[in-house]
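Asks: Sequence:
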Amino acid sequence: MQNVLAIDIAKGKSMVTLINSCGEVLIEPYEINHSIKDFSNLLNRIKQLKLDNISVIMESTGIYHRPVERFFLENNFKVYTINALYSKMYKRNLRKTKTDKLDCLSLSELYFTNNFKQYIRPDNIYLNMNALARQYFALDQLCANLKNRYKNLVYLCFPEYELLFKKEAIYSDIALSFIADYPHTEIISNTRIDHLQHYFKNNNYKRWKQKPTLIKEAAKNSYPSVSKDDEIVSDLSQLAKLIRNYQNEIDSIKLKLINYGKQTKYFTAINSIFGIGEFTASIMIAELNDINRFNNIKELTAYCGLDPSIKQSGKSINIHGPISKSGNKYMRKLLFVSCLNIIRLSSKCHVKNDIEIYYRKKRNEGKHHYVAMIACTTKLLRQILALCKQLDK
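The sequence shown begins at 195 in the numbering used here and counts up by one.
Calculated directly from the structure, the hints in this document are not laboratory data. The reader is advised that the hints may include incorrect statements.
Said to hold, decoys possible - Listed next, the in silico DSBU-like pairs over lysine-lysine satisfying Cα-Cα at most 30 Å (straight line):
id: 1; residue 1: K345; residue 2: K361
id: 2; residue 1: K573; residue 2: K341
id: 3; residue 1: K448; residue 2: K422
id: 4; residue 1: K422; residue 2: K450
id: 5; residue 1: K410; residue 2: K345
id: 6; residue 1: K272; residue 2: K459
id: 7; residue 1: K456; residue 2: K405
id: 8; residue 1: K361; residue 2: K542
id: 9; residue 1: K241; residue 2: K231
id: 10; residue 1: K395; residue 2: K405
id: 11; residue 1: K556; residue 2: K341
id: 12; residue 1: K410; residue 2: K341
id: 13; residue 1: K414; residue 2: K459
id: 14; residue 1: K573; residue 2: K527
id: 15; residue 1: K583; residue 2: K527
id: 16; residue 1: K295; residue 2: K360
id: 17; residue 1: K542; residue 2: K360
id: 18; residue 1: K295; residue 2: K341
id: 19; residue 1: K435; residue 2: K492
id: 20; residue 1: K435; residue 2: K414
id: 21; residue 1: K405; residue 2: K360
id: 22; residue 1: K492; residue 2: K561
id: 23; residue 1: K435; residue 2: K405
id: 24; residue 1: K410; residue 2: K456
id: 25; residue 1: K341; residue 2: K448
id: 26; residue 1: K414; residue 2: K403
id: 27; residue 1: K422; residue 2: K492
id: 28; residue 1: K422; residue 2: K360
id: 29; residue 1: K400; residue 2: K456
id: 30; residue 1: K345; residue 2: K523
id: 31; residue 1: K414; residue 2: K456
id: 32; residue 1: K400; residue 2: K556
id: 33; residue 1: K422; residue 2: K527
id: 34; residue 1: K341; residue 2: K361
id: 35; residue 1: K556; residue 2: K542
id: 36; residue 1: K459; residue 2: K492
id: 37; residue 1: K556; residue 2: K448
id: 38; residue 1: K492; residue 2: K341
id: 39; residue 1: K456; residue 2: K573
id: 40; residue 1: K519; residue 2: K435
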């Protein structure tokens with residue numbers, strides 16, 4: 195006889211019940227906290243029943259199901275983690291009333307129908323890569339916000355400073371380090387030129403003689419918005435240090451991701467695509483995990499949220515609607531940026547590339563830039579899937 199432990203997951207707590215295939219409730223639904231004490235008590239109650247063939251079913255709910263999943267896997271239970279959307283559809287068809295206890299019972303009923311797709315837990319290398327990728331995206335976004343404020347504060351304390359560096363060089367290590375130590379024009383003006391030159395030389399700056407001279411001259415002629423004793427000056431110094439630390443951490447994450455990526459079998463295939471470097475290939479693998487789990491391109495495009503949203507009303511059916519955007523937003527962004535890089539590199543290097551040719555074709559058909567780009571992302575996704583599937587043959 196089959197037995198199932200159905201668990202309705204919430205943040206920090208869960209509702210659990212144990213039911214057999216005859217519909218007999220062996221453990222009445224009750225609430226547990228995600229703690230060693232409550233997990234151990236539940237395990238003891240299960241052992242006291244002396245049952246064989248016990249499975250565990252739960253929903254995949256972001257990060258909240260992970261401690262429960264880990265506990266039962268480590269205690270040698272067969273764990274089924276299912277898509278929350280699928281179980282929601284099943285519950286909707288079953289009954290309108292919704293409580294945690296009823297959700298538990300619905301999960302057990304779903305298990306005995308045997309009509310669900312099991313969530314495949316990725317290997318540890320993919321889990322580690324995904325954790326690094328999400329940390330990268332979080333720090334990158336935070337760093338972008340800090341850079342916007344940094345430029346505003348630089349303008350208040352030393353308006354000409356940004357003009358002394360080319361493009362993104364204002365965020366370089368030496369530029370951030372210098373403004374952190376000399377955050378106001380008056381401080382720079384009162385510092386001897388040989389001290390400033392020594393500072394740049396110690397930081398291995400090539401133009402260590404010329405750059406300090408230019409900075410000092412600009413500082414002498416500058417009239418900033420605040421005095422050197424203003425709190426904004428100390429804010430600028432602190433902000434420059436923060437950005438430096440975040441950028442160093444981001445660089446460290448990139449190296450780790452590349453090292454992990456090179457250990458996977460898909461790295462070489464994705465990296466071989468024109469315009470996709472080692473880091474982009476690695477972070478794509480981090481988001482897609484084992485690409486072999488996708489049976490076809492439809493599943494993969496749906497996972498990335500690139501599938502069209504279909505709307506039907508009576509005889510009217512719009513099958514060419516906008517993309518659903520219900521999938522992995524990080525992967526969509528990676529694909530979009532990768533296609534932009536491929537198109538730009540192809541034009542710059544005069545290299546014929548399928549993505550660039552496809553983009554020009556869509557534009558010549560009168561398609562908007564973004565419509566053409568979305569079409570290119572789907573084409574790139576097809577190429578990635580095809581290359582990775584060839585490795586598994």
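Asks: All the hints need checking, so say for each whether the structure fits it.
Replies: Hints versus structure:
1. Between K345 and K361 the CA atoms are separated by roughly 12 Å; this keeps the pair inside 30 Å, and the hint holds.
2. The suggested pairing of K573 with K341 is violated, with an alpha-carbon distance near 34 Å, which exceeds 30 Å.
3. The suggested pairing of K448 with K422 is violated, with an alpha-carbon distance near 37 Å, which exceeds 30 Å.
4. Between K422 and K450, the direct Cα distance comes to roughly 41 Å. Violation of the 30 Å bound is thereby established for this hinted pair.
5. With a CA separation close to 19 Å, the supplied pair K410 and K345 stays within the 30 Å bound.
6. For a cut-off of 30 Å, the pair hint linking K272 to K459 stands: about 28 Å separates their Cα positions.
7. Between the alpha carbons of K456 and K405 the distance comes to roughly 40 Å, so the proposed pair goes past 30 Å and is violated.
8. Using a Cα cut-off of 30 Å, the hinted pair K361 and K542 holds, with the two alpha carbons roughly 20 Å apart.
9. Simply put, K241 and K231 have alpha-carbon atoms about 15 Å apart, close enough for the 30 Å limit, and the pair holds.
10. For the given pair, K395 sits about 10 Å from K405 by alpha-carbon distance, which is consistent with the 30 Å threshold.
11. In summary, the hint linking K556 to K341 is not supported, as the alpha carbons are separated by about 36 Å, beyond the 30 Å threshold.
12. Restraint check for K410 and K341: the C-alpha separation of about 24 Å stays at or below 30 Å, so the hint holds.
13. This hinted pair does not check out: K414 and K459 have alpha carbons roughly 58 Å apart, beyond 30 Å.
14. Distance hint between K573 and K527 is fulfilled; the C-alpha atoms sit about 15 Å from each other, no more than 30 Å.
15. For the suggested pair K583 and K527, the alpha carbons sit about 23 Å apart, so the restraint of at most 30 Å is met.
16. At roughly 62 Å between alpha-carbon atoms, K295 and K360 are farther apart than 30 Å, so this suggested pair is violated.
17. A distance of roughly 21 Å separates the Cα atoms of K542 and K360; the hinted pair therefore holds under the 30 Å criterion.
18. Of the supplied pair hints, the one linking K295 and K341 is violated, its CA atoms being roughly 49 Å apart against a limit of 30 Å.
19. Distance hint between K435 and K492 is unfulfilled; the C-alpha atoms sit about 46 Å from each other, more than 30 Å.
20. Taking the CA atoms of K435 and K414, the gap is near 24 Å; set against the 30 Å cutoff, the hint holds.
21. For a cut-off of 30 Å, the pair hint linking K405 to K360 stands: about 12 Å separates their Cα positions.
22. With a CA separation close to 23 Å, the supplied pair K492 and K561 stays within the 30 Å bound.
23. Simply put, K435 and K405 have alpha-carbon atoms about 21 Å apart, close enough for the 30 Å limit, and the pair holds.
24. Using a Cα cut-off of 30 Å, the hinted pair K410 and K456 is violated, with the two alpha carbons roughly 46 Å apart.
25. This hinted pair checks out: K341 and K448 have alpha carbons roughly 20 Å apart, not beyond 30 Å.
26. As the CA atoms of K414 and K403 are separated by approximately 17 Å, the hinted pair is consistent with the 30 Å bound.
27. For the hint pairing K422 with K492, the CA-to-CA distance comes to about 60 Å; that exceeds 30 Å, so the pair is violated.
28. A C-alpha spacing of about 26 Å is found between K422 and K360, which places the hinted pair at or below 30 Å, so the restraint holds.
29. The hinted pair formed by K400 and K456 fails the criterion: a straight-line CA distance of about 34 Å is larger than 30 Å.
30. The suggested pairing of K345 with K523 holds, with an alpha-carbon distance near 28 Å, which does not exceed 30 Å.
31. About 51 Å separates the Cα atoms of K414 and K456, which puts this hinted pair outside 30 Å; it is violated.
32. Between K400 and K556, the direct Cα distance comes to roughly 46 Å. Violation of the 30 Å bound is thereby established for this hinted pair.
33. For a cut-off of 30 Å, the pair hint linking K422 to K527 is broken: about 42 Å separates their Cα positions.
34. Taking the CA atoms of K341 and K361, the gap is about 13 Å. The hint holds against a cut of 30 Å.
35. With a C-alpha separation of about 20 Å, the suggested pairing of K556 with K542 holds against the 30 Å cut-off.
36. Simply put, K459 and K492 have alpha-carbon atoms about 23 Å apart, close enough for the 30 Å limit, and the pair holds.
37. A C-alpha spacing of about 34 Å is found between K556 and K448, which places the hinted pair above 30 Å, so the restraint is violated.
38. Between K492 and K341 the alpha-carbon distance is near 39 Å, which puts this suggested pair outside the 30 Å criterion.
39. In summary, the hint linking K456 to K573 is supported, as the alpha carbons are separated by about 24 Å, within the 30 Å threshold.
40. Taken as a hint, the K519 and K435 pair is broken in the structure, with Cα atoms around 37 Å apart against an allowance of 30 Å.
Of the numbered hints stated above, those contradicted by the structure are hints 2, 3, 4, 7, 11, 13, 16, 18, 19, 24, 27, 29, 31, 32, 33, 37, 38 and 40, listed in ascending order.
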